[in-house]
Amino acid sequence: MAKVLTSRSENYSQWYNDLVIKADLAENSAVRGCMVIKPYGYAIWEKIQAELDRMFKETGHVNAYFPLFIPKSFFSREAQHVEGFAKECAVVTHYRLMKDEVNGGLKVDPSAKLEEELIVRPTSETIIWNTYKNWIQSYRDLPILINQWANVVRWEMRTRLFLRTAEFLWQEGHTAHETSDEAIEETRKILDVYSTFAEEFLAIPVIKGLKTESEKFAGAINTYCIEALMQDGKALQAGTSHFLGQNFAKAFDVKYASREGREEYVWATSWGVSTRLMGALIMAHSDDNGLVLPPALAPQQVVIVPIYKTPEEYTATCNRAHAIKDSLKKLGITVKVDDRDTHKPGWKFAEYELKGVPLRLAIGPRDMEQGTIEVARRDTLTKEVIAQDQLTTVIPALLDTMQKDIFNKAFNFRAQNTFKVDTWEEFLIQVEKGGFISAHWDGDPATEKLIQEETKATIRCIPLDSSEEAGQCVRTGKPSFRRVIFARSY
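Note that the numbering used here gives residue 172 to position 172 of the sequence shown, counting from 1, and the numbers run on in steps of one.
Hints are not guaranteed to be accurate.
As the list claims (entries may be wrong) - Derived Cβ-Cβ restraints for the label pairs, each shown as a range:
id	residue 1	residue 2	range
1	W149	A90	17 to 23 Å
2	P479	R32	45 to 51 Å
3	W149	T93	26 to 32 Å
4	W149	V108	28 to 34 Å
5	N222	D141	21 to 27 Å
As the list claims (entries may be wrong) - Here are the simulated lysine to any residue pairs, SDA-like style, with alpha carbons at most 25 Å apart:
id	residue 1	residue 2
6	K336	R377
7	K189	P463
8	K404	D232
9	K87	V120
10	K255	Y265
11	K47	K216
12	K309	G346
13	K87	V108
14	K433	N11
15	K344	K383
16	K255	A64
17	K478	D422
18	K47	F66
19	K409	Y490
20	K189	I462
21	K348	D18
22	K449	I429
23	K216	W149
24	K348	D326
25	K107	L118
26	K47	W170
27	K216	I184
28	K250	E83
29	K38	Q49
30	K38	I221
31	K449	R158
32	K348	L391
33	K57	K133
34	K38	R164
35	K38	R276
36	K234	T159
37	K255	T179
38	K38	K355
39	K420	F481
40	K449	I221
Hints are computed from structural coordinates only; laboratory data are not their basis. Just so it is clear, CB atoms sit at the ideal spot from N, CA and C, and this is done for glycine as well.
Kindly produce the complete structure, drawing on both the sequences and the hints.
Pasting the structure below:
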């Protein structure tokens, strides 16, 4: 297989696009700004979905589904929410087509205009809180802990596969609570779920933090987030969890009878991650040879390639490969035997390197005689020969080691590309180099906006683990009591 990827050093953006296309993850569709997620890409998303769904259910959440279409009037009930999403909404105005007698083809039937336009779901707070009004009467009905797996539409003009598309897949949680403290606890709990998932499955280290007022979700009191650093030095927001206070409860008049017999407004949260995680997975780990997938999320953790010249060798090596596959499958490992006789082994090796399969096993006639097998690691591109009777011990341990090594590599990269900066001159130099910049900020949104206009760097978050530290704002010199994380971002 010929080299198919632009190198990261030559053009990082083109490398990313090449990799998404050539590794059969996704492609652009006939609808501008939308993507087709191909089977291999969707298989990775299914692994992400399955693990997160398990984690949500372990914390007491259940799945439901709400309509794709939302009456336009719902959005106007929460002022900040409508302002935040108004420019991204796709609107349905008619419900029927008719034959165009003049020009041929079809046209919109002008008599089929909707009485009220419908918004194609950009997020579901409004339709869900309108529904919760019918579900909640008393404190006995609380908490409601619901998650939805769905698609949403946000009409983006500048799109990039997985990272920013007009339509994307996600999960969105929407919970209702008796008290503010309970809702805040839920918000932080989900943030911890996201952080754990990112680090233990995606193998991506993240910073947990709080968004500034200008960066928080439209309609939220507070937005918590996890921020990751990509190999090009840009930040990527990998997940958000929002404390909504009583904003949506008041907008949709959702009240409950309290334990003391008083009528109170419900407290709310919402939270979500999307197929943007696919972009994070690609950009955090992959190299110029293709994808590097953490074993925990690889659709196939092991591929076995038989090596042969004669029909007899083909039969013998394939039979042995399938026997090895069966023994590894019993350990919960996903294994594929590539016994296609239409492609040569070298072509197969290149294909699985491109697609990021963690371990590649090759077995030929000599291995059959000696009871050995070649094992190649995708992350380090190293090979070793081991005894076949050791596979059920070696392979699980090796996959576990790879998962940790991939995380540690990303963790070390972030550590080496996180910089404390105290002067504006240092800030300007560092922002061009990329990475996370830990610097003081005076807390003024005007200063935040000024820094963004001058450098294209934004405050990614106020880290939750940061302690008070007296200093001076990197831009204005005014007093500051805590460092924040700046970076250019996706």
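Against the structure, the hints come out as follows:
1. W149 - A90: 17 to 23 Å: For A90 against W149, whose Cβ atoms are near 20 Å apart, the range 17 to 23 Å holds.
2. P479 - R32: 45 to 51 Å: holds (48 Å)
3. W149 - T93: 26 to 32 Å: Distance hint for W149, T93 holds at roughly 28 Å.
4. W149 - V108: 28 to 34 Å: holds (32 Å)
5. N222 - D141: 21 to 27 Å: holds (25 Å)
6. K336 - R377: holds (15 Å)
7. K189 - P463: The hint holds at about 16 Å.
8. K404 - D232: holds (22 Å)
9. K87 - V120: Distance ~13 Å between K87 and V120 Cα, so the pair holds.
10. K255 - Y265: At roughly 4 Å apart (the allowed maximum being 25 Å), Y265 and K255 satisfy the hint.
11. K47 - K216: Violated: K47 and K216 sit about 29 Å apart, past 25 Å.
12. K309 - G346: Holds: K309 and G346 sit about 13 Å apart, inside 25 Å.
13. K87 - V108: Distance ~24 Å between K87 and V108 Cα, so the pair holds.
14. K433 - N11: holds (15 Å)
15. K344 - K383: Answer holds: K344 to K383 is near 19 Å, not above 25 Å.
16. K255 - A64: holds (22 Å)
17. K478 - D422: Answer holds: K478 to D422 is near 12 Å, not above 25 Å.
18. K47 - F66: OK: K47 and F66 at ~23 Å, within 25 Å.
19. K409 - Y490: Holds, because 21 Å separates the two Cα atoms, which is no more than 25 Å.
20. K189 - I462: holds (18 Å)
21. K348 - D18: holds (19 Å)
22. K449 - I429: Holds, at about 19 Å.
23. K216 - W149: holds (22 Å)
24. K348 - D326: Roughly 21 Å between the alpha carbons, so the hint for K348 and D326 holds.
25. K107 - L118: holds (19 Å)
26. K47 - W170: holds (13 Å)
27. K216 - I184: Holds - the C-alpha atoms of I184 and K216 are around 15 Å apart, at most 25 Å.
28. K250 - E83: Within the cut-off at roughly 17 Å; holds.
29. K38 - Q49: holds (16 Å)
30. K38 - I221: violated (38 Å)
31. K449 - R158: Distance ~22 Å between K449 and R158 Cα, so the pair holds.
32. K348 - L391: holds (21 Å)
33. K57 - K133: holds (24 Å)
34. K38 - R164: Given that 25 Å is the threshold and the Cα spacing comes to 17 Å, the pair holds.
35. K38 - R276: The hint holds at about 15 Å.
36. K234 - T159: holds (17 Å)
37. K255 - T179: holds (12 Å)
38. K38 - K355: Cα-Cα ~13 Å, so holds.
39. K420 - F481: Answer holds: K420 to F481 is near 15 Å, not above 25 Å.
40. K449 - I221: Judged against 25 Å, a Cα distance of about 20 Å means the pair holds.
The structure shown violates the earlier hints numbered 11 and 30.
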